[in-house]
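Grab the two chains, each in its own frame, and use the hints to assemble them into the complex.
Chains A and B, in that order, give the protein sequences.
For the first sequence, counting from 1, position 9 maps to 9 in this note's numbering; every step adds exactly one.
For the second sequence, counting from 1, position 96 maps to 96 in this note's numbering; every step adds exactly one.
For the record, the hints were derived by calculation from the structure and aren't laboratory data.
None of the values given here were measured: they were computed from a predicted structure.
A hint or two may mislead.
Here are the simulated distance ranges between beta carbons [what the hints assert, rightly or not]: (1) A:S69 x B:M41: 51 to 59 Å; (2) B:T86 x A:K2: 35 to 43 Å; (3) A:E57 x B:Q17: 25 to 33 Å; (4) B:S80 x A:E111: 41 to 49 Å; (5) A:K109 x B:D26: 29 to 37 Å.
We put the CB at the ideal spot given by N, CA and C, even for glycine.
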Amino acid sequence: QKEVEQNSGPLSVPEGAIASLNCTYSDRGSQSFFWYRQYSGKSPELIMFIYSNGDKEDGRFTAQLNKASQYVSLLIRDSQPSDSATYLCAGPLTGGGNKLTFGTGTQLKVEL
Amino acid sequence: NAGVTQTPKFQVLKTGQSMTLQCAQDMNHNSMYWYRQDPGMGLRLIYYSASEGTTDKGEVPNGYNVSRLNKREFSLRLESAAPSQTSVYFCASAYGTGPSNTEAFFGQGTRLTVV
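One chain only, chain B, in its complex shape (with noise of 0.2 Å):
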């Protein structure tokens, strides 16, 4: 049992550029979530899916573009990457109803660098 998996893990990007991060998950979850981390910021929500097929938007949206591609995946693109989306990014799944349901677990995170 994988969990969330995230590819790739260490990512270096030049300025403009673009990339997607994947994830993936295998416990059946509805409800998935990108999140950035940056130091003294802590975790903030980029985008969020309730379930496949819908997105909406987290704290700090601007930059980036998500993927409900099925129940398993949920993707983030960086359509041109500009210094400040340096940051660790994290995936998180929840199986996303009632209260207890909302526990998230995460993937291992990505550590992007644009130069």
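Chain A on its own, in the form it takes in the complex (with noise of 0.2 Å):
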């Protein structure tokens, strides 16, 4: 079992309504999270990272980190074609100081 899962999609959502993409994790000493999008063939960018409890928003872009639960969630709002790709998450490897452990994707894809 990955220490990140995600719900591997496709997820499709009309484009200008809002997308959200979840995330869980096993740690609970866990203290951030990255979210990255990656275009087919391309590498992974970063979108957000978030590392408190509750909201953090960036343009359309709102991550939310619960702790309690242990999970994290991405929402997108107004959604546009050019947001279709693969989402992941990423959160440290237990035990391993600054590694990065990633879940393995959420495809969204934004329909006309």
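Encoded structure:
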């Protein structure tokens, strides 16, 4: 079992809708989490990081961290076709200091 | 500012051959990582280096060796390639201290095929 789990999708949403991506993690001691976006054939790029309970907003993106329930989510408002990509959740590997472990990613498709 | 540079971009090896994947970063980062990405498996950490001269195993280290030559460079070596090592390999780096400084920046990837 991976330490960071995601539903592989695909998640399909219509253009303009809110896309909700979720991630759960197993290590209660984990402090910080990252959301990466990866277009097909490209390398991952960071969208947001969060290390405090609650919400963090950046433009159309909102990351949410709930340490009690051990889940992290990413909301994308006003979804655009250009948001179609795989979204990767990442967190620290148990006992691993700054080692980052990734979920398997959720494929998002934004349809016209 | 090149960021993280990997070479080569593509490689085909025969089973049993050896090769080294090169990675260099120019962001003065302390931490460097090697990941492999396979369909349905996501990114899996092979090896990690917290600083020059230190390396540590990740989730899937078997069949690989690494060298942190200096602060800039972190190489990954396959001593005897196997078809199971066919994958896309990514190098990444991060500043490495503090909760927000493990933000990792990725190279463009190396697509390796072992036949």
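So, going through the hints one by one against the coordinates:
no. : hint                       : in the structure
1   : A:S69 x B:M41: 51 to 59 Å  : violated, 26 Å
2   : B:T86 x A:K2: 35 to 43 Å   : violated, 21 Å
3   : A:E57 x B:Q17: 25 to 33 Å  : violated, 50 Å
4   : B:S80 x A:E111: 41 to 49 Å : holds, 46 Å
5   : A:K109 x B:D26: 29 to 37 Å : holds, 36 Å
Hints 1, 2, 3, counting from the list given before, are not met by this structure.
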